[in-house]
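Generate the whole structure from the sequences, applying the supplied hints.
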Amino acid sequence: MTNKIKQRREALNLTQRQLAAMINIPYQSLQRYESGIVCPSVTTAIDIAKALKTTVEKLYPSKE
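Its first residue numbered 80, the sequence shown is counted upward by one per residue in the working numbering.
Everything labelled a hint here was simulated from the structure, so no lab data went into it. In this text the structure is predicted, and so the values were computed from the model without any measurement. Beta carbons: idealized from backbone N, C-alpha and C, even for Gly. Treat the hints with care, as some may be off.
Claimed, not checked - So the derived label-pair ranges between C-beta atoms look like this:
hint, residue 1, residue 2, range
1, R96, K142, 27 to 35 Å
2, T133, A100, 16 to 24 Å
3, K142, I116, 12 to 20 Å
4, S120, A100, 14 to 22 Å
Claimed, not checked - Cross-link-like lysine-lysine pairs, in silico, PhoX-like; alpha carbons within 25 Å at most:
hint, residue 1, residue 2
5, K132, K142
6, K85, K129
7, K83, K132
8, K85, K137
9, K142, K129
10, K129, K83
11, K83, K137
12, K142, K85
13, K142, K83
14, K132, K85
Here it is, written out as structure tokens:
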């Protein structure tokens with residue numbers, strides 16, 4: 080699966096550090112979310128989506 084967080088972040092010309100600072104998380108956490116090692120909490124996923132001016136559904140499409 081293509082990483083939607085990374086795609087959207089790069090489309091907005093943001094670095095991992097910039098996006099992490101916007102949502103007040105360590106950039107290492109963002110790296111793990113982008114690589115798929117860890118899934119963010121619902122609250123963090125919402126914060127990421129807001130910062131990237133998109134929706135959680137677009138970042139994490141349903142597998143159904």
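Each hint tested on the structure:
R96 and K142 have their C-beta atoms about 31 Å apart, which keeps the hinted 27 to 35 Å range intact. A beta carbon spacing of about 18 Å between T133 and A100 agrees with the range 16 to 24 Å that was offered as a hint. A C-beta distance of roughly 18 Å is found between K142 and I116, which places it inside the suggested range of 12 to 20 Å. With their beta carbons about 18 Å apart, S120 and A100 fall inside the hinted range of 14 to 22 Å.
Proposed proximity of K132 and K142 is supported: the alpha carbons are some 22 Å apart, at most 25 Å. With a C-alpha separation of about 14 Å, the suggested pairing of K85 with K129 holds against the 25 Å cut-off. Restraint check: the Cα-Cα separation between K83 and K132 comes to about 13 Å, which is no more than 25 Å; the hinted pair holds. Distance check on the hinted pair: K85 and K137 sit about 12 Å apart at the alpha-carbon level, within 25 Å; holds.
About 22 Å separates the Cα atoms of K142 and K129, which keeps this hinted pair within 25 Å; it holds. Straight-line distance between C-alpha atoms of K129 and K83 comes to about 14 Å, which keeps the hinted pair within the 25 Å bound. At roughly 8 Å between alpha-carbon atoms, K83 and K137 fall within 25 Å of each other, so this suggested pair holds. Straight-line distance between C-alpha atoms of K142 and K85 comes to about 19 Å, which keeps the hinted pair within the 25 Å bound.
Restraint check for K142 and K83: the C-alpha separation of about 14 Å stays at or below 25 Å, so the hint holds. Using a Cα cut-off of 25 Å, the hinted pair K132 and K85 holds, with the two alpha carbons roughly 13 Å apart.
The structure shown violates none of the earlier numbered hints.
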